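Asks: Chains as they are written, first to last, in my numbering: chain A, 1 to 578; chain B, 1 to 279.
Hint data in this document are derived by calculation from the structure and do not stem from the laboratory. Remember, it's a predicted structure, so these values are computed and weren't measured experimentally. Treat each hint with caution, since some may be false.
Stated by the list, open to error - Chain B is nowhere near these chain A residues, computed Cβ spacing over 10 angstroms in every case:
#1 R96
#2 E132
#3 G217
#4 V313
#5 R400
#6 G430
#7 Q481
#8 R539
Claimed, not checked - Restricting the straight-line Cα-Cα distance to at most 20 angstroms, the calculated cross-link-like pairs of lysine to any residue (SDA-like) are:
#9 K439(A) x R168(B)
#10 K73(B) x Q92(B)
#11 K439(A) x P109(B)
#12 K439(A) x R106(B)
#13 K89(B) x L453(A)
#14 K439(A) x A96(B)
#15 K73(B) x F449(A)
#16 K439(A) x D40(B)
#17 K439(A) x I105(B)
#18 K89(B) x Q481(A)
#19 K439(A) x P87(B)
#20 K439(A) x T112(B)
#21 K439(A) x D259(B)
#22 K439(A) x Q207(B)
#23 K439(A) x G450(A)
#24 K89(B) x V336(A)
#25 K439(A) x R141(B)
#26 K89(B) x S337(A)
#27 K439(A) x L71(B)
#28 K73(B) x R335(A)
As the list claims (entries may be wrong) - A few chain A residues that face chain B, going by a derived Cβ cut-off under 8 angstroms, partial list only:
#29 R426
#30 A440
#31 A441
#32 L454
Note that the Cβ used here is the ideal one computed from N, Cα and C, for glycine as well.
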Amino acid sequence: MRIPTIFTLELQKRHHRIGRLLALAGGLVFAVSAYLPWAYASGALDDMSYLGGPSALQFLGLALGLILAICATMGLIEPWAGAKGVAPALLKVSKRVGWTRGAKVTGIGMLAYIGVVLLAIVIELGGLVTVEWGGWVALAAAVVGLIGTRLITPGRPPSLERLRTPGWVGILAIALTLLGALLLAAYALNQVDGGSFVVILTFAGVLAAFILRSGLGGWLSSISQRHRTVLVFAAFAVAFLFPFTQNGSDANMSIATQVLIFAATAVGLNIVVGLAGLLDLGYIAFLGAGAFTAATMSQSAFATIGWKPPFIVVMLIAGLISATLGLIIGSPTLRVSGDYLAIVTLAFGEIFRISMSNLDGRDGPDLVHGSSGIPAIPNLNLFGFDFGAVHTVAGIPLGRFSNYFFLMLLIMAVIVLVFTRLNHSRIGRGWVAIREDEKAAEAMGVNVFGLKLLAFAGGAFLAGLAGAVKAHVDQSVTPDQYIFLESAFLLAAVVLGGMGTVMGVILGAVLLKLVPEKLRFVNEYRMLLFGLLLVVMMRVRPEGMIPNQRRVLEFHSDDEELIDEIEEDLPYEFAEES
Amino acid sequence: MSIDSPVAGAAASGHEVGKREMLVASHVTMRFGGLVAVDDVSLTVHTGEIVGLIGPNGAGKTTFFNCLTGLYKPTSGEVRFADRLLPPKPRQVVVAGMARTFQNIRLFPNMTALENVMVGRYCRTSSMAVTSILRGPKYRREEAETRERAVELLEYVGMKGQGGHLARNLPYGDQRRLEIARALATDPQLLLLDEPTAGMNPQETRQAEELIFKIRDSGMAIVVIEHDMRFIFNLCDRVSCLVRGKTLVEGTAAQVQSDPRVIEAYIGSPEGEDGAENA
Chain A
1 MRIPTIFTLE LQKRHHRIGR LLALAGGLVF AVSAYLPWAY ASGALDDMSY LGGPSALQFL
61 GLALGLILAI CATMGLIEPW AGAKGVAPAL LKVSKRVGWT RGAKVTGIGM LAYIGVVLLA
121 IVIELGGLVT VEWGGWVALA AAVVGLIGTR LITPGRPPSL ERLRTPGWVG ILAIALTLLG
181 ALLLAAYALN QVDGGSFVVI LTFAGVLAAF ILRSGLGGWL SSISQRHRTV LVFAAFAVAF
241 LFPFTQNGSD ANMSIATQVL IFAATAVGLN IVVGLAGLLD LGYIAFLGAG AFTAATMSQS
301 AFATIGWKPP FIVVMLIAGL ISATLGLIIG SPTLRVSGDY LAIVTLAFGE IFRISMSNLD
361 GRDGPDLVHG SSGIPAIPNL NLFGFDFGAV HTVAGIPLGR FSNYFFLMLL IMAVIVLVFT
421 RLNHSRIGRG WVAIREDEKA AEAMGVNVFG LKLLAFAGGA FLAGLAGAVK AHVDQSVTPD
481 QYIFLESAFL LAAVVLGGMG TVMGVILGAV LLKLVPEKLR FVNEYRMLLF GLLLVVMMRV
541 RPEGMIPNQR RVLEFHSDDE ELIDEIEEDL PYEFAEES
Chain B
1 MSIDSPVAGA AASGHEVGKR EMLVASHVTM RFGGLVAVDD VSLTVHTGEI VGLIGPNGAG
61 KTTFFNCLTG LYKPTSGEVR FADRLLPPKP RQVVVAGMAR TFQNIRLFPN MTALENVMVG
121 RYCRTSSMAV TSILRGPKYR REEAETRERA VELLEYVGMK GQGGHLARNL PYGDQRRLEI
181 ARALATDPQL LLLDEPTAGM NPQETRQAEE LIFKIRDSGM AIVVIEHDMR FIFNLCDRVS
241 CLVRGKTLVE GTAAQVQSDP RVIEAYIGSP EGEDGAENA
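Pulled out of the complex, with its shape left as it was, chain A reads as follows (with noise of 0.2 angstroms):
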């Protein structure tokens, strides 16, 4: 994000210290404007026409100025208890937080937030005259706090990730931003407004973006590193909790089920793509076969095949079915790779989809019963357990969508670990080495075209598990759910969240399936927002929202340059406060 112009270095030198106090002055008007009432009407939002009384979003806009102004003040502070000697233990941490770079993003992000709470009440109460006084006081705390920011002299960049931490400090502060994750989840998908879906969205948007541009980002993914098992466990744990926080409700549950299952699709797409670099446009095709499968072999009156077998049969078999799909695909069509293979795997999914509407008994045997497909699969019934009933635990009751989270859940697992054990073996090596230099990687003994079938055919597998769970959530299986989009939206959550890593993907995929699951009207333009979002994000952040380790050097290996220049630019002082 470069630095418009009208702030030039030597603006910023001359006047850092108003720029502090503007930034200061903005965040505490901000937090305070919460107090007032911001809509004319309590029908917009969560009625934020109190005068005295916050309501939940105004608390989170409160949260923001508060932000703000600490990281505004810490410039100030700094120098201060660096001459005064106080507290230099604290100090030290202190100099590590890339307070400024903090504070400009918050900067960004308060306007953004106002701005998007006053549209939403603009929207939905109708008219320019529903925001009262008290949300233009915030606009207006917003602006002169961006103002402010944009005045401070740049930060050096924040190096809290070579701090080092005491391990229960770590695994604490793991436990609650995961925590605060699934509460800030939780309550975001509780909302039944769609305005204050998107303001919460907008929250965490910015929230994240403080985190990563302050540093604590940097910190919490080298604690993560360090605990790594404690962080893969208490994200489950969490994510397991979720059914409980919905007290039985099922219309969130079915969504967090299919963003589950897209999720886990994305992360096998994600060894093919990520990890070994073939970029494959059909993937959903394999998501299909492992769906069709399980529901011609299922209980389902419609079923074409007699064999009844229980469900990890079927899934495995399913997942082999996928492999083999992989694998026929694969060989011929690995020897091209690039754009030509795209395309090749464009059409086997269009083949794919084509093929199952033509199995209807007229164009071809019957078994999947053409395009109205197999429909009245009934819920699993694993070891006695039925899915389709309401289990109560601890006083929560647990309905259908819930049990399949479960078996998502673990489905999942399974896939993560296959994931991450082969990213650090002697095969995720060498498929790394094909995805650098193919010709290189031959050249020194890799089997570039058996781990290349490995990784399709692997793939493939992970996606036919995850397709079998989805025929039994989904009920039926028709061809029309796996069209070339879902391919390209399976794609687009893995360079969204971070090719090659797992946590990227996964979040990338929440988001892409989330959000319009959720906001209607962002599913009509939902192609023309995430086509924006692509692009924004390939201008911004290249590597992903979280990215891997090497693709972070890849694309801003040169931006701490940069900022070091700046840097030595700077007169002793500025370099000190900043």
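Guided by the hints, dock chain B onto chain A, whose structure is given.
Replies: This is chain B only, laid out in the frame that chain A set:
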């Protein structure tokens, strides 16, 4: 061998014992359409020997290398390695015991130095997907061995403690050395170096020279393409000069150095003989 390197003495004694034919390339010809890039070239390399391949740009040196390593399949002629016909697949060539470096460095830029070397161990290890996922005892043992060997090799080429850097961020000289370490990781008996000192300063070149001597002393045969004549004549037991795809001269370094045809191939027909010293 007029170099005052500490390993030079050891080297002299090293390559007299047990000379065995390692690589025999006979009458290798490579045609691209109407262009004959390599024309009936023969080359024999013995164990513990460094053979230099020189020649002006476009003489077909790298093409000849590619024929040896299976990247190209020669139009005619055959390559025997340790008395067996070499299969024309790069991977099988590596498994047979021949490893190479590239003229324009071809590391895996976004992998760490250590990972680069570990990729070199790929063909000498065999844990497959299922063992890797289950982390069976074989996987653990192999993984530990691979890592240990990679660390050793990095130290061997003089890059101790640099394993964590991305290959693309390494200084140029280190990238060259890393490429050699990666090639050594495949446990080769013959090492093919394509311009290992291109772009290096004199000091780096000397270090490279010492490294190559060290490798030779461990009993490995080496073929090296170079343009730096001082380097070639310090290093090589025998030198073969290729010009326009054909072997012009083959012999000891001194013989080739003084051959007027070699000088002519490099600097054109003699007008003033004084350029010869610098060739």
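Asks: Going through the earlier hints one by one, which of them does the structure break, listed in rising order?
Replies: 6, 16, 18, 21, 22 and 25
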